[in-house]
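Chemist: Listed in order, the protein sequences are those of chains V and P. Here my numbering = 1-based position in the first sequence + 799. Here my numbering = 1-based position in the second sequence + 93.
Mixed in with the good hints there might be a few duds.
Claimed, not checked - Not everything, but these chain V residues come out facing chain P in the computed CB check (under 10 Å): (1) V871; (2) L909; (3) T912.
Honestly, the hints are just simulated from the structure, not real lab data. Just so you know, even glycine gets a beta-carbon here, dropped at the ideal spot from N, CA and C.
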Amino acid sequence: MTSRVPIFVCGEPARGDDAAGFAAVDLLPADVRERVEVVPVGQLDILFLMDLPADAPCVVVDAVAGLRPGEVWVRPLAALVDRARALQAAGRAPEPRSSHELPLEQVLALAATLRDAPPAGTFVGIGGACFDVGTPLTAPVAGALPAFAAAIAAEVAAFTANDALPC
Amino acid sequence: MSHGTASAKVVDERVYEVHELTRVEGEGSLRLRVKDGEVVEARLGIFETPRYFEQLVVGRTPDEVIDIVARICGICPVAYQMSAVHGFEDLFGVRIDPQSRALRRLLYCGEWIESHSLHIYFLHAPDFLGYESGIAMAADHRPLVEQALKMKKAGNHLIKILGGRPIHPVSVRVGGWSRAPRVSELKEHRAALEEGLAFALETVKVVAGFTMPAFAREPRVVSLRHAAEYPFNDGRIVSSDGVDLPPTGWRDAFEEFQVEGTNALHARSVDGKGVYLLGPAARVVLAGEQLHPLAKEALAASGYAELIRTNIYASIVARAVELVHAFAEAIDIIDAYRVPSEPLVAWQSRPGVAAWATEAPRGLLFHRYEVDESGRIRAAQIVPPTSQNQAAIEADLVVAAKQVLDLPHAEATLRLEQMIRSYDPCISCATHFLDLRVEEA
Numbered sequence: 800m801t802s803r804v805p806i807f808v809c810g811e812p813a814r815g816d817d818a819a820g821f822a823a824v825d826l827l828p829a830d831v832r833e834r835v836e837v838v839p840v841g842q843l844d845i846l847f848l849m850d851l852p853a854d855a856p857c858v859v860v861d862a863v864a865g866l867r868p869g870e871v872w873v874r875p876l877a878a879l880v881d882r883a884r885a886l887q888a889a890g891r892a893p894e895p896r897s898s899h900e901l902p903l904e905q906v907l908a909l910a911a912t913l914r915d916a917p918p919a920g921t922f923v924g925i926g927g928a929c930f931d932v933g934t935p936l937t938a939p940v941a942g943a944l945p946a947f948a949a950a951i952a953a954e955v956a957a958f959t960a961n962d963a964l965p966c
Numbered sequence: 094m095s096h097g098t099a100s101a102k103v104v105d106e107r108v109y110e111v112h113e114l115t116r117v118e119g120e121g122s123l124r125l126r127v128k129d130g131e132v133v134e135a136r137l138g139i140f141e142t143p144r145y146f147e148q149l150v151v152g153r154t155p156d157e158v159i160d161i162v163a164r165i166c167g168i169c170p171v172a173y174q175m176s177a178v179h180g181f182e183d184l185f186g187v188r189i190d191p192q193s194r195a196l197r198r199l200l201y202c203g204e205w206i207e208s209h210s211l212h213i214y215f216l217h218a219p220d221f222l223g224y225e226s227g228i229a230m231a232a233d234h235r236p237l238v239e240q241a242l243k244m245k246k247a248g249n250h251l252i253k254i255l256g257g258r259p260i261h262p263v264s265v266r267v268g269g270w271s272r273a274p275r276v277s278e279l280k281e282h283r284a285a286l287e288e289g290l291a292f293a294l295e296t297v298k299v300v301a302g303f304t305m306p307a308f309a310r311e312p313r314v315v316s317l318r319h320a321a322e323y324p325f326n327d328g329r330i331v332s333s334d335g336v337d338l339p340p341t342g343w344r345d346a347f348e349e350f351q352v353e354g355t356n357a358l359h360a361r362s363v364d365g366k367g368v369y370l371l372g373p374a375a376r377v378v379l380a381g382e383q384l385h386p387l388a389k390e391a392l393a394a395s396g397y398a399e400l401i402r403t404n405i406y407a408s409i410v411a412r413a414v415e416l417v418h419a420f421a422e423a424i425d426i427i428d429a430y431r432v433p434s435e436p437l438v439a440w441q442s443r444p445g446v447a448a449w450a451t452e453a454p455r456g457l458l459f460h461r462y463e464v465d466e467s468g469r470i471r472a473a474q475i476v477p478p479t480s481q482n483q484a485a486i487e488a489d490l491v492v493a494a495k496q497v498l499d500l501p502h503a504e505a506t507l508r509l510e511q512m513i514r515s516y517d518p519c520i521s522c523a524t525h526f527l528d529l530r531v532e533e534a
């Protein structure tokens with residue numbers, strides 16, 4: 800028996816392209832879904848990462864501002880930790896999007912500090928164009944959802960390549 | 094820099110201007126002007142767009158209101174639910190099952206645990222330990238940060254058991270609960286609470302070991318006080334100078350008013366007695382005799398029982414003592430818990446005024462709703478603790494400013510930030526509170 804790979808889905812389903820992660824996991828094929836645990840988190844909380852067993856991989860999914868709308872972006876979580884630490888060292892912490900949350904990179908960096916190593920796993924993002932409340936996905940993002948879902952599925956497949964199906 | 098005048102009189106004027114306050118209930122600014130050593134202006138401006146919750150609930154039913162007002166705050170949603178639900182039940186004459194009442198105290202314990210542990214370790218302790226943030230502190234004080242996260246998780250999980258989710262719970266209803274937890278659900282969480290209690294006791298020792306900046310004033314303090322329990326959701330509104338009102342009676346002694354340059358209403362005494370302080374320090378001063386024995390013992394051992402009243406920086410100790418109380422009472426409630434025979438009592442709406450005050454983590458939270466004949470809200474007033482504390486923050490800035498004028502800029506900045514953080518202005522995980530700029534004319 801193996802444990803399922805957690806997919807932490809960040810975003811807000813009611814805010815335009817911020818819903819992309821939720822829409823993408825809905826497109827995951829059945830054989831992938833049975834290997835994952837979809838965890839809608841809104842924003843990534845340090846407690847989710849602290850609960851992960853050491854070396855247990857996870858996938859973090861979110862829409863991203865600053866990329867071309869619809870562009871799929873995949874990075875190891877460790878790379879985001881390195882980026883946060885580099886910015887911190889340069890005196891430029893990642894900018895919070897609001898005063899009520901910690902930027903994702905800082906959450907990952909804190910987890911890396913407390914766990915002695917960056918969380919294992921991958922960030923899969925998609926460039927968004929509009930995050931206004933009550934708006935639907937924009938056309939470029941909606942059109943790229945299959946590619947977004949495929950990228951998520953590829954990461955899950957890589958993490959579970961040698962696993963038997965979970966009981 | 095000082096400059097001379099024609100008469101050779103030297104004027105020393107310093108302007109401390111803070112453009113973006115975070116970790117308050119909204120976004121704000123601060124302007125502090127000191128002339129010849131005297132503070133001539135201390136102003137806290139809240140410039141975040143008004144959120145209109147008092148209008149959002151108009152036309153809604155009481156149960157809808159309970160879920161809507163929870164959205165005011167991600168850290169203290171329970172407080173908003175409690176003030177609302179108790180007000181409605183008081184108006185409608187609803188008497189809930191005693192176990193339902195105990196569960197509401199348990200829910201409040203969960204909120205105080207997650208809120209206080211967050212503030213103590215991530216928002217305030219870095220000031221005392223010389224770090225720019227909790228994240229930076231984690232590298233050198235990993236056990237402290239880990240225990241803070243465990244405590245916060247224990248509080249959030251308690252809210253999840255009772256309210257269906259760790260933030261913005263959804264099970265509180267007029268008449269009780271939409272779902273009461275099984276005994277086993279609560280018992281399963283007991284070990285985490287026991288561990289948290291041990292951490293909380295350690296926390297009191299840790300924060301009592303911090304060096305407190307000098308600060309002394311005699312504040313007027315206000316909180317709920319109850320004859321038999323530490324105040325969460327019941328008791329009388331009392332003050333250090335004789336106010337003694339039912340939890341419905343806030344408007345008999347206090348009022349809100351608009352201050353130019355801020356989108357948050359201030360509050361003051363109707364009798365002109367001036368500013369007042371809410372929150373953990375006020376509660377410990379006014380209701381300390383009802384603390385859980387373990388919390389009372391921890392407070393006595395800390396040596397801070399008196400300093401909590403006069404030194405705002407010492408509020409971190411009061412918060413830690415309340416953390417002990419919340420863990421200890423949560424365990425007691427779970428040990429005595431049985432499923433309510435009637436989790437949701439039937440009730441009938443009636444027109445009138447529903448009003449109540451409860452104790453949010455940051456202090457007294459008052460709600461008032463006018464309910465019409467159809468059982469819907471005609472008007473609402475919500476008075477959060479942070480807005481009530483604004484005037485006290487400004488008054489304390491005057492005191493603090495005089496003590497930092499001779500300090501180097503960076504140290505003065507940190508000291509003023511630290512003072513404001515002592516109030517735990519609602520919410521935020523940001524590292525920097527103030528962007529303080531000193532201009533010397």
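Chemist: Does each hint fit the structure? Answer for all of them.
Modeler: Right, here's what the structure says about each hint:
1. With a cut of 10 Å, the hint placing V:V871 at the interface with chain P is violated, because the nearest CB-to-CB distance is about 29 Å.
2. About 5 Å separates the beta-carbon of V:L909 from the nearest beta-carbon of chain P, less than 10 Å, and the hint is met.
3. Taking 10 Å as the C-beta contact cut-off toward chain P, the hint placing V:T912 at the interface holds, the least distance being around 5 Å.
The earlier numbered hint that this structure contradicts is number 1, and it is the only one.
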